[in-house]
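The residues making up each chain are set out below.
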Amino acid sequence: QGRFTLLRDTRTDGSFLVHHFLSFYLRAGCKVCFLALLQSFSHYNIVAQKLGVSLAAAKERGQLVFLEGLKSCLDLVFGEEEQQGQPSPLQFLSGSTSDLRALFDFVRVSLTPSDGDSWKGPVLLVDDLSVLLSLGAAPVAVLDFIHYCRVSVCYQLKGNIVVLVHSNEDSEDEENELIVNSLCHHSDLILWAEGLATGFCKDVHGQIKIIKRLSLRQAAEQDLVQIYQYKIQDRNVTFFARGLSAAVL
Amino acid sequence: LVFTEEDKYDLYSNLLFKYFLAEGVVCGHDLFVASAKEHPDNILKELPAPLLDDTCGKELGDEAAAVKSEDFQDSMKIAWRYQNLPKMEASPTTYTKFGHYYDVSKKMSPQLCQSAKWHSFYLHDELSFEPKMKTCNMNSGYARLLQSIQRIISQEGFDGSDPQKKQRNVLRIGIQSLGSILWGDDVCCSDTPEDAHSLTKFLYVLRGLLRKSLSACIITLPAHLIQNKAIMERVTNLSDMVVGLESFIGSERETNPLYKDYHGLVHVHQIPRLNSLICDVSDTKDLAFRLKRKLFTIERLHLPPDLSDTVSRASKQDLAGSAKLLSSGCGAMAIGKKHLDF
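Here the protein sequences line up with chains A and B, keeping their order. Quick note on my numbering: the first sequence kicks off at 177 and runs consecutively. Quick note on my numbering: the second sequence kicks off at 10 and runs consecutively.
Source of the hints: derived by calculation from the structure; they are not laboratory data. Some hints here could point you the wrong way.
Quick list of in silico lysine-lysine cross-link-like pairs, DSSO-like style, CA-CA up to 27 Å [said to hold, decoys possible]: (1) A:Lys226 <-> B:Lys126; (2) A:Lys296 <-> A:Lys226; (3) A:Lys388 <-> A:Lys334; (4) B:Lys221 <-> B:Lys126; (5) A:Lys247 <-> A:Lys226; (6) A:Lys235 <-> B:Lys221; (7) A:Lys407 <-> A:Lys226; (8) B:Lys126 <-> B:Lys116; (9) B:Lys221 <-> A:Lys247.
Just chain A, same shape as in the assembly:
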């Protein structure tokens, strides 16, 4: 409870982790607020069905609150003036405000339990945070947003947050690196998916570093680091110890 998990990918695509957490938390009976900024609803729906969860059904029974960033943006840009008095969560795009307050309000309202809700623990899932920078949000605004979310979701509502960011070792995108480094320092768990240093391999798609940040909660503890390699299949991801891929054994 109250955990902040950071999903990070370098030189590869870590979105399979997002799909996993989405179906994991839905199956566990948690109320999920998913900020899907980069892909459409049907993309996640089709993959989730392969993993055994129906997003449409979850949305219907109120377990899943789905913000489809692309659609929201289109409504904001091409839509009529302020309908129904509800400001768009992506308000910052229109330039009227420079902070992500509207987005935070959206998250807070979605996850605050209402009467008759019997879900276990709220969860906020974001895919992916780096897109906000591309849309013109300042790094400080993004960090503020995450901070407010953490206070609200992790501490007040005792829920979990899972956020995906992209990063590159020799990236020239300083704003992005700033956000990633800051989030790394404040995360309880970091799942870092990296492409193999030796290049592309058909049987091993990458390696994943699992960092349990025990030093965050207790002063004397050391962080626990584990490294596995993985291969992504159509409905599943298999993990194995380094060098022990099925192709080699």
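Let chain A serve as the given structure and place chain B on it in line with the hints.
Then chain B, alone, in the frame of chain A:
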């Protein structure tokens, strides 16, 4: 959303752009062509003519027949380990019925051109109209383009908004030289552009429009002119597929014996991973292109046999440097940085 990084002199990426549009004409799709450089009418007049099935079959059939006669059935004696690998076809074969082939030396006939329904957007003609949408601090050229695309999509029913239209068609959008100074964006000129977010905001809204409708889009961008690499990284993240064309004209690679058969390299930076956990990765990452008199082909890059008598140290280092490039993979799976020496 297919993104093509232009080669330096924009010869080959222009060709790829025209192929995309020509395929649309032949398949009966609708076209939308946008450019700030040349008038779309001119672009459409220059589309390559499709190769009709019989002539195409005959050309490739001759090649295939030649290959087959060399095909020996007896097992390999020295290189027996390679026996089990599937025979790789270097060039497209006749049995692939997906897509069409085009003859680059001929222009598409005007009747065929006119049979396709197309819309155009030439920036300098549109400057007088004010965009009606919220521009969100975006460059006005981009804003107008987005408005035009959105208007066509909703008017012609590509987003399924018109239930009466029984026959649904695909819209192929081609945008030429996005990001160049001609669009009013200085992202190609300076390291710290005035509005660093215009291009990425444009791409995000475009992505939304494409996801909402039956359309596909190809964009060419002079990536070599963009000084600010951070923007290129963000652009790559926002696209589904990113392909870079690197031509050998004017570079030191032109005289490198490794590349003597080819005109340039194809770098696949990213492939789409849509509706699935995995993406369709081909075995080979090293692709090169060449422009023959009639055909533009993309093939696997294979090293020519090293038949020189004197294998000097300099040439070995050259090959090693090029081989390092060969081992770098595509961004969706992995990019290797270290070069393993055997």
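Run through the hints listed earlier and report the numbers of any the structure violates, in increasing order.
Hint 1 alone not satisfied by this model.
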